[in-house]
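> Could you put together the complete structure from these sequences and hints?
Respectively, the protein sequence lines represent chains A, B, C, D, E and F.
Under my numbering, think of the first position of the first sequence as 244, with each following residue one higher.
Under my numbering, think of the first position of the second sequence as 244, with each following residue one higher.
Under my numbering, think of the first position of the third sequence as 244, with each following residue one higher.
Under my numbering, think of the first position of the fourth sequence as 244, with each following residue one higher.
Under my numbering, think of the first position of the fifth sequence as 244, with each following residue one higher.
Under my numbering, think of the first position of the sixth sequence as 244, with each following residue one higher.
Hint data in this document are derived by calculation from the structure and do not stem from the laboratory.
This one's a predicted model, so the numbers in the text were calculated from it and none came from an experiment.
Be a bit skeptical, because a hint or two may be false.
Where chains are identical, the list cannot tell them apart; a pair therefore holds if satisfied intra-copy or between any two copies.
To be verified - Using 20 Å as the maximum straight-line C-alpha spacing, the simulated SDA-like pairs for lysine to any residue come out as follows:
| no. | residue 1 | residue 2 |
| --- | --- | --- |
| 1 | K326 | R455 |
| 2 | K275 | E261 |
| 3 | K253 | E333 |
| 4 | K477 | R343 |
| 5 | K296 | E353 |
| 6 | K326 | R336 |
| 7 | K290 | A323 |
| 8 | K275 | G263 |
| 9 | K400 | E449 |
| 10 | K400 | D297 |
| 11 | K411 | Q440 |
| 12 | K411 | R340 |
| 13 | K290 | V393 |
| 14 | K411 | R343 |
| 15 | K275 | A262 |
Number of protein chains: 6
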Amino acid sequence: MLRSDHRDSKTLRSVQIEAGFSQYAEGSVLIKMGNTHVLCNASILEKVPPFLKDRAQGWVTAEYGMLPRATHTRSDREAARGKQTGRTQEIQRLIGRSLRAVFDLAALGERTIHIDCDVLQADGGTRCASITGAWIAAALAVNHLLENDVIDTNPLKDHVAAVSVGMKDGNALLDLNYEEDSSCDADVNIVMNGAMQFVEIQGTSEGRCFDRSELNVLLDYAQHGITELIALQKQALADQGIHY
Amino acid sequence: MLRSDHRDSKTLRSVQIEAGFSQYAEGSVLIKMGNTHVLCNASILEKVPPFLKDRAQGWVTAEYGMLPRATHTRSDREAARGKQTGRTQEIQRLIGRSLRAVFDLAALGERTIHIDCDVLQADGGTRCASITGAWIAAALAVNHLLENDVIDTNPLKDHVAAVSVGMKDGNALLDLNYEEDSSCDADVNIVMNGAMQFVEIQGTSEGRCFDRSELNVLLDYAQHGITELIALQKQALADQGIHY
Amino acid sequence: MLRSDHRDSKTLRSVQIEAGFSQYAEGSVLIKMGNTHVLCNASILEKVPPFLKDRAQGWVTAEYGMLPRATHTRSDREAARGKQTGRTQEIQRLIGRSLRAVFDLAALGERTIHIDCDVLQADGGTRCASITGAWIAAALAVNHLLENDVIDTNPLKDHVAAVSVGMKDGNALLDLNYEEDSSCDADVNIVMNGAMQFVEIQGTSEGRCFDRSELNVLLDYAQHGITELIALQKQALADQGIHY
Amino acid sequence: MLRSDHRDSKTLRSVQIEAGFSQYAEGSVLIKMGNTHVLCNASILEKVPPFLKDRAQGWVTAEYGMLPRATHTRSDREAARGKQTGRTQEIQRLIGRSLRAVFDLAALGERTIHIDCDVLQADGGTRCASITGAWIAAALAVNHLLENDVIDTNPLKDHVAAVSVGMKDGNALLDLNYEEDSSCDADVNIVMNGAMQFVEIQGTSEGRCFDRSELNVLLDYAQHGITELIALQKQALADQGIHY
Amino acid sequence: MLRSDHRDSKTLRSVQIEAGFSQYAEGSVLIKMGNTHVLCNASILEKVPPFLKDRAQGWVTAEYGMLPRATHTRSDREAARGKQTGRTQEIQRLIGRSLRAVFDLAALGERTIHIDCDVLQADGGTRCASITGAWIAAALAVNHLLENDVIDTNPLKDHVAAVSVGMKDGNALLDLNYEEDSSCDADVNIVMNGAMQFVEIQGTSEGRCFDRSELNVLLDYAQHGITELIALQKQALADQGIHY
Amino acid sequence: MLRSDHRDSKTLRSVQIEAGFSQYAEGSVLIKMGNTHVLCNASILEKVPPFLKDRAQGWVTAEYGMLPRATHTRSDREAARGKQTGRTQEIQRLIGRSLRAVFDLAALGERTIHIDCDVLQADGGTRCASITGAWIAAALAVNHLLENDVIDTNPLKDHVAAVSVGMKDGNALLDLNYEEDSSCDADVNIVMNGAMQFVEIQGTSEGRCFDRSELNVLLDYAQHGITELIALQKQALADQGIHY
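In structure tokens form, the structure reads like this:
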């Protein structure tokens, strides 16, 4: 089976990472996975949310948005509708949890790393690209803190990256684009750390449920893709002179 | 390791199912899993959402809520705050998707089964109890349609039930209560159908990530619990004279 | 004239009071007046609203909600609509005022008794059942404070209970059910204390206005019903070993 | 007992009615009861709310607002806060119900009389002044329909007017101003029609509950005041050449 | 060319200024420019917005609203819709900026002059009438502070007034009414101080763009009108015994 | 006087226009004016707003947004706050009006060109860059309609472009960056068409009011800048093979 973009079933889309896309953010990355482009900007805020007041620890959180015409047809602007959709909230909660899984919040000190993931163009897999890009933006922001002697211990304990896998017509596929995502039978988003442990698994059957053996193939594919994404994260930081 | 409520690690909490709790809903069930009590009411609405207009199919959807004092300390009332939290939206989207996975929407005809899951008391696992109970409420509502000759083909293709599993101090646990849920290292909600296929998997690491072998044990535990829950669903319907 | 449920015009519906329905609230009561079932949970909050800050007194307030399928046909969920209806706000303001009329707020100390009245099933008279039940929940919460030596003076000065009366086809009726309520000419909700004084009167003509002599009969009926409800409140507390 | 404004306990404040205050509305009245000034504008809208579509009848409804600096100290603007308070909704529902009690909605035809009651200055009793003024605005709008031959039967069946009465230090008082209203023991708003029947009664104890005999005195006072207000309504219309 | 209301192209509508319209506000003015009537109430609040906390200066701000039936046909009430329109926000921001341009905020001290401009009747030019009236209300409030020795330096440095000008069928017109405003080719709102300097210019082409020479004529007309309005402001204050 | 970025007072910042930045929009342009970067995407929607239903004409409208970390410090996300600020609404209304001033809406047919202007990076002048870029995006979308024979008459009648000018320390400046904008005495945004006529003028004094002669210099500067911007618009289209 050849995919519409001539990829093999176990091949990622072409990945490009442009660090420093925005000049004001403490960490900024434009990540492109094929036609999915996400701008991830990490801001350092010298405050913590109220529930962490005086707890001697920091916080890492994320917000997610999609430009109205990131997609094939225009969607409503959430700011104009007056609220974020359930999907948006679900995604930004996922990004935040994934990042926090590899952070030592005490070492961060009483400050927040707030990561904005804004989808400039969407062709499937935006939440996974957001997580992979957000980690780089966070690492750049952490480097900014270390270089400026704001903190002296690196609070970032490990990598985190994500990829989607799915079953379509009985075949497992890695890194689905929009067309594949809309027509697949099952769609699983996997978030893993550098030790190849699970940070998050979100699997959803669409049309046809999937069994244990299918899940196992999907997990193999995901681990393969995430290994590659973590190597690309290392390279992107190395290009900035940061060795992690 | 003995659990705080003296259960074995692979044992469900005591489950009680009271059908017909509300007398007006077409399908009504109060499901109790230990101290977690969820009222699931299924309403038949003779209309479909706008995006399904004239598509010769029906819809199944869910809403979720928690009474302000369902929990140990009072939470704000969502209606008073003026919006549903991201958590609430995430859960009600999950319940709806899980139910639709076992429905033949064309056989349902142009109508909606709207399921309200309201948590009267919460001791962990409310989303899983909601799914398991919602299926029974939906089955009762479907039976109502069949008995009144509104439809002649059963649109319900299979069971669906859910349970949480988690890792705590290196041990796998089935059906976590609130205390276990707040202190565990990983929390995975599993939704399966009667053929023991996955409908949804939502796994989240909390504090410590989990590896592939741990995931495999958790999936075994979940399958064990869901098998039991499906038997209880069958029994609850049989008690109403419905053999499914 | 015999009523649809075979009651006499001056007879209450069957009343059942189940204390301790929720196990976490400081005071919890499920009150059933016929097919109207309201869960009243009283929470003790160790804070007061901003306008009472440093005024050496407490506060008693209430919120009211109705489960979407409490009624014959499903209503929208207020949390999903993003706001409470005018009717909901009117009712919860009424419950709060009624309770405060019998409270010595200084004796309560700087804390709030927050009562949630959630209608699980609705067959008319939900605001009156809420008030009658809320008083019991509040009394249980007060007893909790006294027993734990948080306060030493009982801040609850008297009973408060409520009932609806109405004119239908020229006849006065006590404790209207939904069918009677929707077809009556006048509907008056009466809230009284144990000294048979008025706490609140809310009378509304529907279709036909009512004159002074009709009002007098309605007030007689209400006093009769409230006398009985207060006896039931006393009994419910006595069953918990509380003599008020 | 002499009142702060030297009135007798059973005397209304000075009432002034200025018809045609706004030149665009089909019916417009500025009613002044002492320092309480309410602008009541009735608009004729050639549509009915959705729930009355194709029911061969019209609708009468009201909205209520208070200018931010109508009062001694500035209140928040409801449009800026983004929602109407519970009090506002309660009042506008009351005004609408009171007006509908004297309307033959079928005779009105499929149109709406929408009455806006905006308080320009507030010194107590704004809801009662709104009802009394709204009736005149509605009568002017009805006259506009009759004179333009839009309808041929007068849909207005009777007068409706309102006044507040209250107990203060054991004395009954008619038409309370703000100072009296804030310090009284009981506050009852009475709405009556021209046949001296009750349209609405809203009685609230504040501080001290009131008994049956006190209620009877208050009802006598209210009837006295409303008789006078209805005479003033007749005069205001007669000044416009309308004999009702 | 004679205008519909028989004015010359360079003549203001009849202006009436009624100081003290509301008796509670520290400064209150009803300004009428023809059929446009705006009530401007200035409140002195002994607090500043959070961003000015401890900055040893005050603040001047404005809110704008229009009664639903101020216009020929009824508009929705913003409080009922739950938000202010973009037009409302644009206007109230303009009024606030215009007033602040002539205030010495340090001399005002840590307090706010909050001006509410409520349009009772609208026939075009409501934002300009609001600014001209708001200045008088502010001056009255400042006088209140000076007379009560709350401040000792007058923080009001100059007059500010506003007028609209427009091009219609090739002719410049001063002070457009609603009919002219809806049919003109260009509409320019000019705000000037007493030194005939510009505070704000808001010019909008409607249908036909305007060139530099047309702009120059419009600016001449505006200066002519504003000179007259400032004289009327002086007179209005002088009538209250305030010489500015 | 040399400016911080070494520009002459009458020189635009470096302008770069990248057409086709987003691949899905019918017209897409990333416009950079120095460090201000705005993505302008034009979508063709085959519908018109309700108020234009069956009026045989189209509509052109715009929405504006700024990414949270487009600026030196992070701002709140409007979608998360649940509403657009007054500033955002003011700007998007301005962009829409400016574009409509050069459109023949009848020639567009019953469809909408909806332009989204999203600020990726902000260094002052974002509303002007949005207008200049939005015109190019609209022209590309119009070209798409013409090339696909959806319409046969070009509805775009002229160019429209915008620039800010301001007075700082007595000197006029063209195209202010953020630092200049925050410290200037007066800030005027000018929108002009290709015939050098005014489409919009929005002038605001900040700190010091400006007189007629200063305004004249500012208008000269603006005309100079807009002439250059229109030449750049022509070039950007020519680069896409479109000669306008």
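> Each of the hints needs a verdict: does it hold here or not?
Against the structure, the hints:
In the homo-oligomer, the alpha carbons of K326 and R455 never lie at most 20 Å apart, since the shortest distance is 38 Å inside one protomer and 38 Å across protomers. Taking CA atoms no more than 20 Å apart as the test, K275 paired with E261 passes in both settings, with 8 Å inside one copy and 18 Å between copies. With identical chains, the CA atoms of K253 and E333 are never at most 20 Å apart, being 27 Å at best within one copy and 30 Å at best between copies. Taking CA atoms no more than 20 Å apart as the test, K477 paired with R343 passes inside one copy only; the shortest distance there is 19 Å, against 42 Å between copies.
For the identical chains of this complex, K296 and E353 are intra-copy neighbours only, at 8 Å inside a copy versus 24 Å across copies, given an alpha-carbon limit of 20 Å. In the homo-oligomer, the alpha carbons of K326 and R336 lie at most 20 Å apart both inside one protomer (16 Å) and across protomers (17 Å), since each shortest distance falls under that limit. In this assembly of identical chains, K290 and A323 lie within 20 Å of each other by CA distance solely across copies; the values are 18 Å between and 28 Å within a copy. Taking the closest pair of Cα atoms, K275 and G263 come within 20 Å of each other both inside a single copy (14 Å) and across two copies (16 Å).
In this assembly of identical chains, the alpha carbons of K400 and E449 lie at most 20 Å apart only when taken from different copies (15 Å versus 35 Å within one copy). Taking CA atoms no more than 20 Å apart as the test, K400 paired with D297 passes in neither setting, with 23 Å inside one copy and 42 Å between copies. With identical chains, the CA atoms of K411 and Q440 are at most 20 Å apart between copies only, with a shortest distance of 16 Å across copies and 25 Å within one. Only between protomers do K411 and R340 lie at most 20 Å apart by alpha-carbon distance; the minimum there is 19 Å, versus 29 Å within a single protomer.
Taking the closest pair of Cα atoms, K290 and V393 come within 20 Å of each other only inside a single copy of the chain (14 Å); across copies the shortest separation is 36 Å, beyond that limit. Proximity of K411 to R343 under the C-alpha cut-off of 20 Å is restricted to the inter-copy arrangement: shortest distance 19 Å between copies versus 32 Å within a copy. For the homomeric pair K275 and A262, the shortest alpha-carbon distances inside one copy (11 Å) and between copies (19 Å) are both at most 20 Å.
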